[in-house]
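For reference, the chains in residue letters:
2 protein chains.
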Amino acid sequence: MESGWRRWRLLRPGWGMYHDVKRRMPYYWSDITDAFTYRTIASTIRMYFVNLLPAIAYTLDMYRRTGEFYGVNESLFSSALAAIVFSLLSAQPLTIVGVTGLISLFNFTIYDILQHYDGSIYPAFMAWTGIWAAIFHWLVAIFNACDYMRYVTDFSSESFGLYVGIIYLIKGVEELVNEFQGGLAAGYLACLIAILYFGTVYALENTGSSTMWKESLRGVLADYAYVFSTIFWVGFSHIPGHLREANIGRVPVTKAFYPTQDRSWLIAFWNLETKWVFVAMPFGFLLMLLFYYDHNVSSITAQARQFPLKKPGGFHWDFFLLGCTTFVSAILGLPMPNGLVPQAPVHTDSLTVYKTDLKIVSTSEGEDTEIRRPIVSAVAVVEQRVSHLLMGLALIGTMTGPSLVVLHTMPSGLFAGVFFVVGWGSIESNGILQKLIYLQREQRFIQRDDPLLLVRRRKIILYIGVQIFGVAACVAVSHTLAAIGFPVLILLLTPLRIMLVPKWFTLKELQILDDFTATSKTVLASLGGKPALPEESRQEEWGLERRRSESRHGVSRQRAGSLHL
Amino acid sequence: MESGWRRWRLLRPGWGMYHDVKRRMPYYWSDITDAFTYRTIASTIRMYFVNLLPAIAYTLDMYRRTGEFYGVNESLFSSALAAIVFSLLSAQPLTIVGVTGLISLFNFTIYDILQHYDGSIYPAFMAWTGIWAAIFHWLVAIFNACDYMRYVTDFSSESFGLYVGIIYLIKGVEELVNEFQGGLAAGYLACLIAILYFGTVYALENTGSSTMWKESLRGVLADYAYVFSTIFWVGFSHIPGHLREANIGRVPVTKAFYPTQDRSWLIAFWNLETKWVFVAMPFGFLLMLLFYYDHNVSSITAQARQFPLKKPGGFHWDFFLLGCTTFVSAILGLPMPNGLVPQAPVHTDSLTVYKTDLKIVSTSEGEDTEIRRPIVSAVAVVEQRVSHLLMGLALIGTMTGPSLVVLHTMPSGLFAGVFFVVGWGSIESNGILQKLIYLQREQRFIQRDDPLLLVRRRKIILYIGVQIFGVAACVAVSHTLAAIGFPVLILLLTPLRIMLVPKWFTLKELQILDDFTATSKTVLASLGGKPALPEESRQEEWGLERRRSESRHGVSRQRAGSLHL
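In the order they appear, the protein sequences are chains A and B. No gaps in the numbering here: position 523 of the first sequence is 523 in my numbering, and each next residue is one more. No gaps in the numbering here: position 47 of the second sequence is 47 in my numbering, and each next residue is one more.
Where hints are given, some of them may not hold.
[To be verified] Below, computed lysine-lysine pairings styled on DSS-like, alpha-carbon distance capped at 30 Å:
| # | chain 1 | residue 1 | chain 2 | residue 2 |
| --- | --- | --- | --- | --- |
| 1 | B | Lys459 | B | Lys355 |
| 2 | A | Lys214 | B | Lys355 |
| 3 | B | Lys435 | A | Lys355 |
| 4 | B | Lys521 | B | Lys435 |
| 5 | B | Lys503 | B | Lys310 |
| 6 | B | Lys459 | A | Lys214 |
| 7 | A | Lys359 | A | Lys521 |
| 8 | B | Lys435 | A | Lys435 |
| 9 | A | Lys310 | A | Lys359 |
| 10 | A | Lys435 | B | Lys22 |
| 11 | B | Lys459 | A | Lys359 |
| 12 | B | Lys521 | B | Lys359 |
| 13 | B | Lys530 | A | Lys459 |
| 14 | B | Lys503 | A | Lys459 |
| 15 | B | Lys214 | A | Lys435 |
| 16 | A | Lys459 | A | Lys530 |
| 17 | A | Lys359 | B | Lys359 |
| 18 | B | Lys503 | B | Lys530 |
| 19 | B | Lys355 | B | Lys503 |
| 20 | B | Lys435 | A | Lys359 |
| 21 | A | Lys359 | A | Lys435 |
[What the hints assert, rightly or not] If you anchor each label on the Cβ, the simulated ranges turn out as follows:
| # | chain 1 | residue 1 | chain 2 | residue 2 | range |
| --- | --- | --- | --- | --- | --- |
| 22 | B | Leu439 | A | Lys521 | 21 to 31 Å |
| 23 | A | Asn247 | B | Asn247 | 48 to 58 Å |
| 24 | B | Asn247 | A | Pro308 | 14 to 24 Å |
| 25 | A | Lys521 | B | Lys355 | 24 to 34 Å |
| 26 | A | Pro308 | B | Ser362 | 47 to 57 Å |
Source of the hints: derived by calculation from the structure; they are not laboratory data. The beta-carbon is built from N, C-alpha and C at its ideal position, and this holds for glycine as well.
Make a model of the complete structure from these sequences and hints.
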């Protein structure tokens with residue numbers, strides 16, 4: 001720990017970025033040589049689908065709601081740009097960067113706002129919003145402000161996860177409602193495909209974490225659940241007869257490598273009136289706030305403690321890079337990419353070598369002398385840049401004419417299914433839901449070593465009540481023109497947790513209910529060390545609930561969309 | 001045990017019926033007085049739905065495929081008749097009797113056959129088939145031939161359960177295919193409702209057997225899963241807008257209390273040519289064979305060992321009664337009712353008082369000192385006639401005009417969902433599927449006290465292989481004109497099991513893989529005592545797999561459609 005003014009990293013501009021690069025640089029060569037394993041191939045295929053499908057899903061929504069300004073070509077370009085830049089230059093190439101549902105929400109809310117004034121300035125206004133956002137990104141990176149991420153606890157990241165999950169489910173339903181524009185038959189068939197697609201991915205991923213068949217076969221199911229389901233249901237939608245006749249809506253595509261609208265790639269942002277340039281500034285600031293939280297949380301979860309990572313990451317440097325991709329996207333009229341909260345940990349998962357061991361619990365009873373349980377452990381992670389890079393190249397390949405034709409064969413109803421998978425994944429494993437289920441369960445069947453038993457029920461209700469209130473506020477705001485303000489709400493949860501919440505709960509209770517989101521050593525090195533909290537405590541005393549579950553069942557595989565924050 | 005010629009009960013006509021009545025008669029008054037509990041009300045409501053919905057589902061199919069001869073009015077009349085007769089007069093009023101999917105299959109197969117000759121004689125031919133069947137029923141009852149049911153083991157009853165499950169799933173799909181006649185939109189909406197209805201019933205029933213909430217609330221979920229789901233999805237299909245516009249197919253109803261076709265209730269069976277009267281005889285014999293197996297198995301499962309029954313049943317007397325209802329149905333042109341395999345045990349279940357206890361398994365490990373498990377036990381069964389009678393009266397009420405109007409509001413796609421629930425329930429818990437899953441599981445995670453571990457894998461494969469071969473043969477035959485012969489195939493499984501199978505397996509292996517279907521003492525009393533088998537063994541040595549599961553988890557609640565044979 002430094003002393004005197006050096007303790008204030010804000011006063012040492014560039015210090016964080018410099019150390020990020022210095023820490024990671026020595027591993028660069030090994031990031032390529034370490035990649036020669038089967039895991040890299042499996043990871044590339046899985047991440048291509050897990051990145052591409054949701055991106056198209058968000059784009060369908062954004063396309064309709066921004067006057068068809070952002071289309072499939074823009075989203076693919078943006079995803080490919082981000083993948084190439086971050087795979088080659090980032091300090092933490094595990095963090096997948098791409099088009100999120102929140103940027104879609106952000107973009108069409110601004111579109112709605114501008115309709116009240118002058119709709120035609122939308123492209124240039126978005127460019128300036130992005131330019132301002134890029135500048136704020138660079139400032140944040142230079143002044144080491146990512147340090148504050150170490151104060152983020154599961155209190156706010158679980159709320160964020162639940163918020164994202166609910167928004168995605170709503171988006172899925174909206175997508176299906178929209179499908180009825182093609183007629184009743186098309187609409188109902190889209191609903192059917194969405195539900196069956198969701199069921200297929202869900203069943204395949206659950207089978208992948210069962211004890212059926214061999215470990216290797218289960219691994220294949222978990223790796224390729226999206227791939228199998230997508231190929232099957234796209235094919236299904238093309239079966240001649242009633243299915244063909246329903247004339248279901250499909251992904252709208254335009255000419256390869258050209259913008260969706262009739263424009264050149266470069267936006268003429270210099271033509272915007274000066275007053276609008278300055279109006280764009282607060283919007284840029286809000287965008288930066290969104291990315292500050294969203295990108296850094298996704299980076300933290302990609303480096304969560306359950307993954308035995310050896311190489312360091314770098315938050316400041318990566319946030320600087322994110323400023324650069326934001327800038328380029330802004331002037332080219334692309335949706336700005338950022339860290340994908342549900343998908344980033346899936347990337348690390350896809351590179352992790354898991355081992356399922358047998359745990360025998362011997363019991364003291366006669367007939368029932370032992371209980372056999374699988375316990376999953378993460379042996380190693382293939383930390384490298386190649387899978388990320390290959391995925392980026394595959395995205396560029398997808399931008400070509402023949403690939404767009406393939407994309408056009410996909411029923412858009414399937415993407416409602418993607419929304420359901422990603423959204424429900426984010427809700428199902430969420431700590432808020434888990435605590436809610438705990439409260440509903442019949443008391444006597446709760447295992448006695450459950451740490452939650454040490455907290456009074458009304459304290460648990462209060463805790464998740466505050467979280468749910470925050471989520472409800474965000475969801476409500478998202479359906480108004482004030483939607484662009486939701487990053488402020490999300491960010492406010494952290495100071496609320498640090499300042500107010502400790503007044504209502506004892507330290508012991510918080511150690512059971514909450515945990516720091518950034519816990520691994522390599523992560524904290526970049527964030528300037530452990531958080532200095534008013535409560536005196538060692539990090540090892542936090543997250544009792546998670547520790548107990550891991551000692552009993554081992555780590556859980558990261559399902560697409562499920563956030564194990 | 002009797003000796004000499006008295007051992008051959010076949011030679012003592014009426015002996016079985018006489019003793020059935022003699023055993024049960026003393027309980028008749030208590031069958032009314034015991035009924036004054038809440039269980040009777042819950043049971044009446046649940047059984048009304050569990051009996052009515054599948055009956056209508058089978059009728060939709062039968063209606064279309066018998067030239068609209070058998071309609072909703074006929075099925076309701078038949079169900080009500082059976083319910084009134086069996087609730088008042090049977091020796092075992094727990095056995096629910098009604099319209100099954102197999103009688104539907106039987107009826108339309110005969111219809112298809114007669115189309116090759118003279119379609120107009122169908123009503124009279126069916127009447128004669130039923131009259132012959134009734135005569136064979138009475139002969140079987142008088143000569144105590146139900147005794148042979150005690151030789152039925154899970155080998156054949158599991159096969160039968162799987163066969164019924166598969167046929168129901170196929171029927172569900174056929175029903176949905178038929179919905180497309182109302183247009184694409186109606187078809188897809190029907191698919192959607194069927195799938196969501198299935199999901200709702202399934203989820204409610206599963207929650208009912210979880211450890212969420214209080215035991216009483218879980219009981220309500222389990223009791224009324226069908227009721228809630230049906231009301232919800234019928235209402236859903238009437239929401240104005242896209243749902244209304246789809247113009248989905250609904251249950252076809254005709255004038256109350258009149259036959260569906262323009263005829264008098266009594267069939268003019270005396271007008272049939274003599275040659276056809278005799279042609280109907282073998283068909284009547286096949287029908288009797290079907291009912292012999294189907295009705296007696298449903299009666300046995302309604303009195304399965306897991307239910308702590310105190311009052312005796314009577315197979316011979318009930319089979320005689322079944323002959324009477326067959327006769328009446330035949331001359332009135334109703335589908336002949338018989339014991340409902342999946343629903344009969346649901347009736348007993350709905351009358352059973354369950355108790356969920358806490359079982360604490362103490363373990364020898366430090367951190368994980370005990371494991372808490374729910375263990376369900378059946379405390380008592382409210383054995384009475386009133387729930388069955390009230391259900392019958394409710395069915396008569398359903399035959400009135402206003403109720404038919406309510407029935408007509410139900411989308412027929414919902415009944416495809418009913419087929420899925422009943423069919424999948426019969427497959428999911430089936431021993432064949434359970435053994436198949438056992439074979440697929442990774443060896444090391446199988447609990448060491450699983451008795452199946454004592455049988456070599458290829459022996460298990462051989463065992464379920466023979467079962468699956470039998471099921472496949474029945475399913476294949478069901479899609480041809482030879483479908484009416486399937487009762488012969490099902491019945492052949494029992495001698496196959498008793499004669500041939502013991503040559504391929506050791507007694508020990510069979511004791512693990514198989515079990516006698518009729519095991520409780522009250523049941524065997526009517527069937528003439530324990531089976532005399534070539535293998536020497538005590539009954540207590542059979543059914544090791546089930547015994548182990550019960551000692552670990554307790555009995556499982558009977559879900560609608562699931563056969564715990």
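A quick look at each hint next to the structure:
1. B/Lys459 <-> B/Lys355: Violated, at about 38 Å.
2. A/Lys214 <-> B/Lys355: Measuring from Cα to Cα gives roughly 38 Å; hence the hint is violated.
3. B/Lys435 <-> A/Lys355: 26 Å, holds
4. B/Lys521 <-> B/Lys435: 28 Å, holds
5. B/Lys503 <-> B/Lys310: 37 Å, violated
6. B/Lys459 <-> A/Lys214: 21 Å, holds
7. A/Lys359 <-> A/Lys521: 28 Å, holds
8. B/Lys435 <-> A/Lys435: Measuring from Cα to Cα gives roughly 36 Å; hence the hint is violated.
9. A/Lys310 <-> A/Lys359: 27 Å, holds
10. A/Lys435 <-> B/Lys22: 58 Å, violated
11. B/Lys459 <-> A/Lys359: 29 Å, holds
12. B/Lys521 <-> B/Lys359: Roughly 28 Å between the alpha carbons, so the hint for B/Lys521 and B/Lys359 holds.
13. B/Lys530 <-> A/Lys459: Cα-Cα ~60 Å, so violated.
14. B/Lys503 <-> A/Lys459: Cα-Cα ~66 Å, so violated.
15. B/Lys214 <-> A/Lys435: 17 Å, holds
16. A/Lys459 <-> A/Lys530: The hint holds at about 27 Å.
17. A/Lys359 <-> B/Lys359: It holds: about 21 Å lies between the C-alpha atoms, which stays within 30 Å.
18. B/Lys503 <-> B/Lys530: 22 Å, holds
19. B/Lys355 <-> B/Lys503: Violated, because 43 Å separates the two Cα atoms, which is more than 30 Å.
20. B/Lys435 <-> A/Lys359: 24 Å, holds
21. A/Lys359 <-> A/Lys435: With Cα atoms ~26 Å apart, A/Lys359 and A/Lys435 stay inside 30 Å; holds.
22. B/Leu439 <-> A/Lys521: 21 to 31 Å: 45 Å, violated
23. A/Asn247 <-> B/Asn247: 48 to 58 Å: 18 Å, violated
24. B/Asn247 <-> A/Pro308: 14 to 24 Å: 59 Å Cβ-Cβ, so the 14 to 24 Å window is violated.
25. A/Lys521 <-> B/Lys355: 24 to 34 Å: The hint (24 to 34 Å, Cβ to Cβ) is violated, given that A/Lys521 and B/Lys355 are roughly 51 Å apart.
26. A/Pro308 <-> B/Ser362: 47 to 57 Å: 34 Å, violated
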